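Start from the sequences, fold in the hints, and give me the full structure.
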Amino acid sequence: MTFVRPVFRHPDLPKNKLGYTRKYYEGALSTLCAGCGHDSVSGAIIQACFEMAIEPHKVAKLSGIGCSSKTPAYFLSNSHGFNSVHGRMPSVATGANLANRDLMYIGVSGDGDSASIGIGQFVHAIRRNLNVTYIIMNNGCYGLTKGQDSATADVGSINKSGSANMYQAIDMAGLALELGASFVARSFSGDKEQMIPLIKAAMSHPGFSLIDIVSPCVTFNNNKGSTKSYDYTREHIEATAAVDFVPFMPEITTQYAEGDSISVPLHDGSLVHLNKLAHDWDPLDRHSAMNRLYEAKSTGEILTGLIFIDVEAPELHGILKTVEKPLNRLNKDELCPGEQVLKTINAGFR
Amino acid sequence: MTFVRPVFRHPDLPKNKLGYTRKYYEGALSTLCAGCGHDSVSGAIIQACFEMAIEPHKVAKLSGIGCSSKTPAYFLSNSHGFNSVHGRMPSVATGANLANRDLMYIGVSGDGDSASIGIGQFVHAIRRNLNVTYIIMNNGCYGLTKGQDSATADVGSINKSGSANMYQAIDMAGLALELGASFVARSFSGDKEQMIPLIKAAMSHPGFSLIDIVSPCVTFNNNKGSTKSYDYTREHIEATAAVDFVPFMPEITTQYAEGDSISVPLHDGSLVHLNKLAHDWDPLDRHSAMNRLYEAKSTGEILTGLIFIDVEAPELHGILKTVEKPLNRLNKDELCPGEQVLKTINAGFR
Amino acid sequence: MHQLNALNDFVVRFANVNGTGSASANTMFAKAIFRMGIPVSPKNIFPSNIQGLPTWYEVRISEKGYLGRREGIDIMVSVNPQSMPKDIASVRPNGYFIYDSTKELHKEFIRDDIHYLGVPMMQMCMDKFADPRQRQLLKNMVYVGALAALIDIEIPVLQEIITLQFKNKEKLIEANFQALEMGATYVREHFKCPLGLRLERRDKVDDWIMIDGNTACGLGAIYAGATVAAWYPITPSTSLVQAFEKYAKKLRVDPATGHNKFAVIQAEDELAAIGVVIGAAWNGARSFTATSGPGVSLMSEFLGLAYFAEIPTVLVDVQRGGPSTGMPTRTQQSDILSAAYASHGDTKQVLIFPSTPAECFDHMAEAFDLAERLQTPVLVMTDLDLGMNDNMSPPLKWDDSRVFDRGKVLDEVQLEQLDKFGRYLDVDNDGICYRTIPGTHPTKGSFFTRGTSRDEYAAYTEDGAAYVRNVDRLLHKWETAKTYVPAPEFYQDEKQSAIGIIFFGTTTYAALEAVDILKEQGVVLDAMRVKAFPFNDEVREFVDAHDRVFIIEQNRDAQFRSLIINELDLRPSKIASVLNYDGFPITAETICNQIMESLIGKLSPAFVVHEAAPPSQSDVEE
Amino acid sequence: MHQLNALNDFVVRFANVNGTGSASANTMFAKAIFRMGIPVSPKNIFPSNIQGLPTWYEVRISEKGYLGRREGIDIMVSVNPQSMPKDIASVRPNGYFIYDSTKELHKEFIRDDIHYLGVPMMQMCMDKFADPRQRQLLKNMVYVGALAALIDIEIPVLQEIITLQFKNKEKLIEANFQALEMGATYVREHFKCPLGLRLERRDKVDDWIMIDGNTACGLGAIYAGATVAAWYPITPSTSLVQAFEKYAKKLRVDPATGHNKFAVIQAEDELAAIGVVIGAAWNGARSFTATSGPGVSLMSEFLGLAYFAEIPTVLVDVQRGGPSTGMPTRTQQSDILSAAYASHGDTKQVLIFPSTPAECFDHMAEAFDLAERLQTPVLVMTDLDLGMNDNMSPPLKWDDSRVFDRGKVLDEVQLEQLDKFGRYLDVDNDGICYRTIPGTHPTKGSFFTRGTSRDEYAAYTEDGAAYVRNVDRLLHKWETAKTYVPAPEFYQDEKQSAIGIIFFGTTTYAALEAVDILKEQGVVLDAMRVKAFPFNDEVREFVDAHDRVFIIEQNRDAQFRSLIINELDLRPSKIASVLNYDGFPITAETICNQIMESLIGKLSPAFVVHEAAPPSQSDVEE
Ligand SMILES: Cc1ncc(C[n+]2csc(CCOP(=O)(O)OP(=O)(O)O)c2C)c(N)n1
Ligand SMILES: Cc1ncc(C[n+]2csc(CCOP(=O)(O)OP(=O)(O)O)c2C)c(N)n1
Ligand code: SF4
Ligand code: SF4
Ligand SMILES: [Mg+2]
Ligand SMILES: [Mg+2]
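Protein chains in written order, with my numbering: chain W, 1 to 350; chain L, 1001 to 1350; chain E, 2001 to 2622; chain R, 3001 to 3622.
Honestly, the hints are just simulated from the structure, not real lab data. None of the values given here were measured: they were computed from a predicted structure. Glycine included, C-beta positions come from ideal geometry on N, C-alpha and C. One should not assume that every hint holds.
Stated by the list, open to error - So, partial list: chain L residues that the calculated Cβ filter (under 8 Å) puts toward chain E:
(1) T1031
(2) S1116
(3) I1117
(4) K1146
(5) A1151
(6) V1155
(7) I1158
Stated by the list, open to error - Facing chain R, a subset of chain E residues (Cβ under 10 Å, in silico):
(8) Y2341
(9) A2342
(10) D2557
This is the structure in structure tokens:
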């Protein structure tokens, strides 16, 4: 149990545009281990949704199986949730999204869930540019089954039982870049400042938005020698930029300096503002992003922040040219061609 | 039926080091469509094995399901073959290889087989650096189920029914590079000169050797507008280098000029000689290879040849530290700890 | 030699090479007979290959309307040298062998008990047409022309079909007419036409249509308002979603915007396909997938989730020869058990068994209603025979007053009025609870869907008692399901016999023919066609009312028999099996033989089931 | 208040918070009793969670050697406030509730029909130990110490176990001794020790061991010569392959080179795991995987391939609560049907059902022999109860003269002598053909393995007759299998009753206890434990010899009953079920009640099955 929430809340708690307090965005009490990185990510999701004043019931939250995949129960209790089967959240999210393009979809997964059993569905969700905020709570191990190495464990990373992983790590951000993902970010569960604007930007981005979040497993993979421990991550972190998310407002007031800062306008009118820390890197250029990521990897840095964004790529509904009205709201008259048409069809088969 | 082979063969046909003619390396009669690219790849495999004087019964050939996956029946009839289930050849090959490290493994797959249903197993076979020559007969479509687009079909490529593919293509070579594959090559079924030395080098390379071969489907995807047709491929091909394979011999006689040519010594003493056509590219450097590939893709070129090779990466048996003697030849005495040991074990549980 | 005489009652088989365009000519042949008002039943027997291997097309013509397969080839049209020895051997004594005589027949191919009719098809096409591809295609029209003259197909009917098929391609129409004429003229000049086997126009097909089951299923999904289809190509189900997409593009595009009121996803595999379907269904869209055996195996984990989490899911299993990759282009009914009990743990899945294209259409619409009413997967079990062959069928029917039964879904108003929503509360005591669709209400009705045990309010629990309450409710729902699924069909007004016969799906035609034949032989059987699992009370009553029951099915292990014994706690000794599992559709002859063998104890050798009119003594001129 | 009196016959349950290190203390408790020569049966009841949720450890002590679970908690040791209300409620009347009295018990927690024994565990540890983590761990030793004094566990035995456990960690040993002593002293000072429920050294455990089934299976695989293991983590099977790997690292490393005579692959998922196993087996290595229900569902396509292509494949299904993700940390036997008929098409898979760790070991070795002898998958069906709990068991036995039965494999010499090799030729007329391992011979014996139909020489064919020959041969092989699989075990020398009882796997102990209890009540039952599917003749004979047969199983749908009725064509009305599916191991009481209810028609309320000695009148001092 990570924390026991006070029952009483002060009436003057801050409210968002819709008049809701942060509490409105919370979920059930977490049953994860005290200190688990995943709980911080849940916290960031709650905060981002609260600040963006999203209607929780307009969000659907989906996951696979794992400690990470349990978290949708711990945020947004007014949202429908779907804890599906191991590794298959992307397909379920695809179906859900096709049924109703008007909701916002948050997919939560673990590194076991997404990089092993679910890697095929991950790859193909990217190919389709499914409009989902896809959060991987990446701890380099299988938490729920007690700490086996996952496919994102780095070569040489030492697990709790003391043995070093010998297999190549899959870099989920690198993979997504290679596959043509339209939004690729990485973060760290210990870095709330960065997670929150990234989640907001991801939710505003129409298309597949990956946030691969290093989220240490305190119980099984926070030991010395692990490259996914809190300490290691904190020491090796390297941010692409300081990220700021500016929601759409009729008049934008914030002003940014020229030079190494860049503002990316999103589809819905909001802006992602990046105060670049890396200089020879252009978040709008895939090749540049790949290079930056590769370099960071070579020098042992964990590159975080928004790595790449393509605001033009059509999302799945665009590709499929579906109608504006959600498919699940079309009624019989809109769907069923009727008796007369069937007669003509029959005639064609005589 | 692609060709009907003459029954009579001239007795003076050339023989290889083992005294076998090329015929010894053939398989059953192909049942693929006349002109199918896959048959040319089979021909190149036969030729490579013949020239390398491989003992066919020391080869195991494995595949999934598809026209491409049928081809192991059409080469090396003295090899054991395993036509498994759709997309799952990599796991079966992994098991086979673990059982007997002394055989040579040729895995044949299609783009449907490897890039869709089998992408997970493909990714993880690379992660493990499984010692297999992995040939994808890539036609951008599902031949055996009559021509649906596959996940390697390029955006905008037009299929036989006239519609354009709208989804991102998976570049199997690019993916393999990103995932850390130790041998990445691409070729074209119409380019025997290139395929044969690449297959030889792949077979000599200890580790995962991908050869992604554009192999047009004459029946369903050879039409105008398809980017996997013979004509399109021929027009857009761009080779990294002229490849030459020099098997190990006590004294190497061939001499190569300096400069843009490079010789990569393989584990078994053979050499891959590359006469580089691309200049700012180093086949031994992954980043350089990724860049070269990315650039080619951006300009619409189909980059072929050996793209990257890492001769140092340990293959799966190295990672697992298995004994030299094939596991399937260990006998009871070598495996069973015996009665006495069990008594001690029992004692530990009292 | 004897000559076969039969009017509107014989079997013609075409032996072709696949990939040579024979399908279109062969279909025209069948369709022309159909348009002459004579019942006809064509079956495609094709290899798992794209080009170059033998393929057959077998057409049974039956004035009596027997649409099952029949053993024994009366006329073989052979244009494939590769399979010729086998094809010659399969002609029944006194039958006809029509072949391309461009090359002379080898002597070893000559049987002295069949008639040979050589037509120099290739030669004629070489002489007449320039383009090599056209020559090959038109060769097929030549033999259709020859047949027309030999068995009296009305040439204008064929011409009409050609004209329609090549609408606006005058040149092609012209060439096809010529080829047809060439074939007809040649046989008229060289043989006595018509043969003893011949056709005569009738009025026996009513307003029926000829359509494959997959297309009918696809149309059913359109009419049922399915909006999301996800699939992965696999023979013999591929054409089902393709048909859905084709008709959706015609009938479901918003004319104003050109936008689609449907979404089709060719998934990366079967696991993803069913995942998409489940996700869409959870979110309130009608969605479905179609696959075959290997796909059902791969989908089984997800089917367990849908059963347990109670998600309406529609899946069509177009069965083929198993196990494993098996015989991918042959028919079987061998996924019964793996579908009925799909997935680990205690699961039971609803199955429905259409047997005609019209029923494919109806059952598909029914499947969506049932799935939503019962909040569970519904598997429509067809097979290659029904799915991929053109089957004669009553026309597809739709009643515009029909409404979609979306089952128990709470809308915003209902939620507003509700005190506390319990997703798994059995409010109506029928085992079916109320669900909500995401996005309905800001604060009421949201719940967490999962594959783990939970209480009535969808909260995770590991409490054994709560688990038992939940799975017992699922059993209660299963009982309820028996009252919703389609009832069986009976073929007699009241009990006539102590012996019953049960069948389902594509064995129907052969079964009904067998019933007629056996009746002629003095063996009267009561017949029941089962349309759904769980078995409703009428099924049990039928079995109880008979001392002995035969179950006809197309698999080795008598899977349907297992299912019915198991679910109805029947005494196995009274249930006998009629089995056929060689990949070909069962024949009435097989059914009669197996039943008689079982009843009499041994096979009566004289029990030759289908014999056309006794052969006359006259020889054909050749 | 009454006091319970019982010697070596009661149930103690510990209520802990998971992730707090209680497992090790609880295990010591059980082990100490075991070492006192008293039969003991501990069960871990844990949540699907890593830290913070309630977890229980329940120990049944039974001098008579009844190792099944028993209803009714005699002593509850409660150190989890979260579950306290429930824990208090579950103590039987007159039972004991031992709790941490550091904080006073809330009044609402006081029942007046049970005894409360407060021990200030936390306080004592706070006072004594400095390190916070140590405090928490040692608290667990305090209650073990308290129990030792209360029920007469021999302290030296506990000390011995501690010493062994913390070998060479003197400080830890010291601290544990102290905690133990503290607990014991406290209760001796505050309560009358021992209680009426107490222990006395016996000699009732022979040379038995205490080991979990997964470890025993892993060891079995080591002894059977398995060299390749591929798996994907899933509760409750995870520890099985981990045990294999652990022992392989000890026993299978070449001392000269340090290289491994085994390979373990943690696959990317279950489909890959079984694929690796099949590939290795095809290539002549003994290989296996272990999984649970969801894994079996995912593996079902591959299991069909292995069945049809005839690849020896060993799979352990450590069953858990289904369907779907179900109750992942609870036990069931609910994958029977999905395992027996795994995969689409006509398939039948060999199952074996161990019921003790010793049998896990033996059956595992047997599974490899069977799989290779029969060239087919063999599924070892255990469950969470057997696999993850420490079970008392006869010691593991291995006979050094035993040889591995590799089945019909042709070597180079045999191939050389062979005229023509036919992979699927039934040479010996037992349905089992000869196979070859890749690389054996340069020109003879190579063949093409596939999941499609083929002829006797492994050549692809779509010929219906060849297909039928092949699948009929597989049925013939199935008949042969009946003579190879382990025979059932009987618990009487000859027939004693018209009523039989059948069980398998982990229901054995409860079943045998029930048989004893019923016998005392005058109801005599003949008992049979089935060890394998297909059912051999002895199984049939037993059923035939009895008028009424009860089948005990732990699933909702009576899956084993379905299987046996179906495969042996039994009359369902004579087969009754005893079912338990709430996720907890079945008790003798449940079995007796269900049987009596069925026999008498209603449940006799007086039929209380397990009652320790009648409560005495004396009160405990408190
Ligand atoms: C089909 C299937 N296989 C295996 C499991 C067991 N399982 C549950 S969670 C998990 C791994 C979770 O790892 P990850 O996704 O990294 O999540 P984490 O617990 O580390 O957050 C596994 C293997 C399962 N539930 N289903
Ligand atoms: C589980 C499963 N799903 C679907 C199929 C049907 N199927 C057979 S081959 C194939 C695609 C083959 O495409 P590819 O691998 O590209 O091979 P190609 O024929 O193009 O060479 C499919 C979908 C199958 N055999 N098994
Ligand atoms: S086991 Fe690891 S991942 Fe799971 S809840 Fe605990 S800390 Fe988090
Ligand atoms: S369909 Fe295409 S891939 Fe298949 S054999 Fe023919 S040409 Fe080759
Ligand atoms: Mg993880
Ligand atoms: Mg392909």
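Checked hints:
1. T1031: Because about 5 Å separates T1031 (chain L) from the closest Cβ in chain E, which is inside the 8 Å limit, the hint holds.
2. S1116: holds, 4 Å
3. I1117: Nearest chain E Cβ about 4 Å off; hint holds.
4. K1146: Hint on K1146 (chain L): holds, closest Cβ of chain E at ~7 Å, below 8 Å.
5. A1151: With Cβ-Cβ at 7 Å, under 8 Å, it holds.
6. V1155: violated, 15 Å
7. I1158: Hint on I1158 (chain L): violated, closest Cβ of chain E at ~16 Å, above 8 Å.
8. Y2341: holds, 5 Å
9. A2342: OK, holds: A2342 (chain E) within 10 Å of chain R, min 8 Å.
10. D2557: This interface hint holds because 4 Å falls under the 10 Å limit.
The structure fails hints 6, 7 (numbered hints given earlier, in ascending order).
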